[in-house]
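J.: Between the sequences and the hints, there should be enough to build the whole structure, so can you do that?
Protein chains in written order, with the working numbering: chain A, 499 to 949; chain B, 499 to 949.
All the given hints hold, so there is nothing to weed out.
For chains that are exact copies, the list does not tell them apart, and a pair is met inside one copy or across any two.
Straight-line Cα separation of at most 16 angstroms, EDC-like style, residue types lysine to aspartate or glutamate; simulated pairs:
id : residue 1 : residue 2
1  : Lys767    : Glu706
2  : Lys704    : Glu768
3  : Lys836    : Asp743
Calculated from the structure, these hints are not laboratory results.
2 protein chains.
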Amino acid sequence: MKEIFSFIERRKEAYLAELFDFIRCAGVSCSGENMRQAAQHLCGILRRSGAKRVQILPTSGFPVVYAECITDERLPTMLIYGHYDVQSASDLEKWASNPFSPEIRDGRIYGRGAADNKAQLFAHIKGREAYAAVKGNLPVNVKYLFEGEEEIGSPSLRSFVAENCELLRCDVCYYSDGGYHDSGLPILILGVKGSFYAEITLQGCKQETHAMRAPCLPNPAWRMVDLLASVHMPGGRIAIKGFYDAVRPPSAEQRAAARKIPVNSAALKESYGIARFLGKGDGSDYYERLIFEPAVNLCGIQGGYTGPGFRNIIPRSVTARLDVSLVPKQEPADIFSKLRRHLDEKGFADASLQMIGGAFIPARMSLDSAYVKAARQAVLDGFGVEPIIFPGVGGAGPNDVFLTTLGVPTIGIPYANADQNNHSSDENILLDSFWKGIAASAALIGKLAER
Amino acid sequence: MKEIFSFIERRKEAYLAELFDFIRCAGVSCSGENMRQAAQHLCGILRRSGAKRVQILPTSGFPVVYAECITDERLPTMLIYGHYDVQSASDLEKWASNPFSPEIRDGRIYGRGAADNKAQLFAHIKGREAYAAVKGNLPVNVKYLFEGEEEIGSPSLRSFVAENCELLRCDVCYYSDGGYHDSGLPILILGVKGSFYAEITLQGCKQETHAMRAPCLPNPAWRMVDLLASVHMPGGRIAIKGFYDAVRPPSAEQRAAARKIPVNSAALKESYGIARFLGKGDGSDYYERLIFEPAVNLCGIQGGYTGPGFRNIIPRSVTARLDVSLVPKQEPADIFSKLRRHLDEKGFADASLQMIGGAFIPARMSLDSAYVKAARQAVLDGFGVEPIIFPGVGGAGPNDVFLTTLGVPTIGIPYANADQNNHSSDENILLDSFWKGIAASAALIGKLAER
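T.: As structure tokens, this is what we get:
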């Protein structure tokens, strides 16, 4: 690999210039801004890297960019998944520099999409290009699937993959998105949670009315309190009938892996400004809960008047927003209908309940896989340190699309620093992380061939 | 009285002109707009009516307007309480005519303060003036106390009355504020609820954080649900320890009076758009609950994100606003401290709890009083119909200031129609109600002398 790494070393300036152009062309899926240009720009990067069959493929939403490097059908094939869309810049005032004019400060590349996900997918393209340039040929086949809707919940990905199984046929799916562990150590991600987002609304009288009638008229805010208290017990246990029925407990290895993830409780408590965690309280079960515990989170609640001064009213309606996070084998549609039934049975048949946006299916793969081993070795080569194994993460993602629809192991290898500020202002990736990501991507090709 | 009533009949045009000028000069206590002018204008009305010692007396807030007509210290003295301040016009777009340019349409006077409270206090001044003009002398003494802070909760009234007991010494306090029963029948009000308004806030992490951490980090919105559910049982019973301890049940006469108030359940259900009332459900106990049942109303709740689209967050803080309505002998300060203790004991010692605005002490007087009888007869004379006796109302008011501090019976005789729209747009009083109010005010003087 030494030869490849020094090849990469010599091309740093060129990589940066190409990445900066990619960041400049934006591609904001939530507004649709520059999406077509971003897809075309990515095609150019892929073509120049030597990838073949580079194409923009339609979906029911924003298109997918596909490319491949096929050496021999009999060799193992890796699918690299990523996304070319970015979050909106949101509050420009809060950025130290223009989000779409990338710049380097203090060893970091700042710009929208720098970490999420442009530098990370770009590292895979450049790692493979470097490998092929130095070795003359690839010992594996590589396919690229870069979608344009990750930041809006990947609504078209599942059907696209299902309809293109032949094109996407592979032995393993790798993706680089997200960041390292807080400690600065790289990680491997072997699972994600499922999730859906729901809104519940209760109506009371058809108009706001004076609070003095409280002994006589129904108050939808009190009913919402009762409704929510019937769903969620203090401490976090969910009281929806059947909520835990399908939960498949983690294997002994998965649980052991979660326990091995270092937790700096004092630093976490300090950064969140809290005295205790949920669960055991001291944070010792932080990752076990984060990864294995399904949850219903109350993201927002609003009703009546809470503005300046005061108004003595019975609110007309009250709305609550729930984020439901799931673990294997809980199914979003099943849990949603159990929630509906729960509301009906608890006296809230009149509550409106609707899902907002798409749903993610939870997914977790076995730790005991040659593809996990290849990824570990690649990280060790590229980063010079063993990654921490995450049997899952707290967030949701489309892993199940690959794990189930394509039927292949699906492994995340984040290349960004933990303080990447993705989705926020001053998004950035450490230059060092970017170089190491390219190196690890090249190493991954070699390790996959050796596996 | 016939002679007096025809005297009033002949002066209708002049009364209207004088009332319209009074409405034009506004006097909005919540903003302070034109308060001094309104007080001075009222002094002019009182002086022209023949009242003596007309003066603007300072309080810790907006001043009080005082005047008197003393015939003989040995005669009974009635104190007429009212307020010269008005609500803000709020949304001008929603008014059919300028709120401070009164006009008559369809037999109603439209304008801010037309019903609440300018026409009503004005009726008392003109009724007494008419009585004195026709009879040559008054058979009772009359004192006027018109405050400028009723619409902001009468924060200075209690201390003003306490410091001016000698000036305000009287045998009975009458006030005309509020409206008739829905049926159009006039009413007498013999009690009010107490109330205070409180805000509770719970903090979570020091910043909004991603919902995926829900299994690990405290969510102040869930804690607020638990907190509120610990205060209020489904159906309305309050679970604060000791909340009901001081409640003095109504007398048999008071309960019987509440039962006699007609309830048009079908019309109420239609107007509120509800299928059932609280309590028995059919509305048969509507007034008993409204008058005798203390309550904690959830006026508003807000936390996290409920705007367009969605954001997967754990809220940073959540706020709830409570209106607590009390019955004799519950004390606002005592109930407030019981609520604080409840929060501390239920695991919410970290919740901030503060009272917003002033508090009203509940007050209820005996039905069996010569002053009630005088008021009934005056209404019968002025309106041509017996009033419905309300042993209390759902709303709070400063009655206790007179009942306890001055130690006199305190009786409300509303002169406005039920659909007066006070505090809303198109506030109005029926011309017919205005004339009858003046007549009843004159009759009240005669009946008090006869009592």
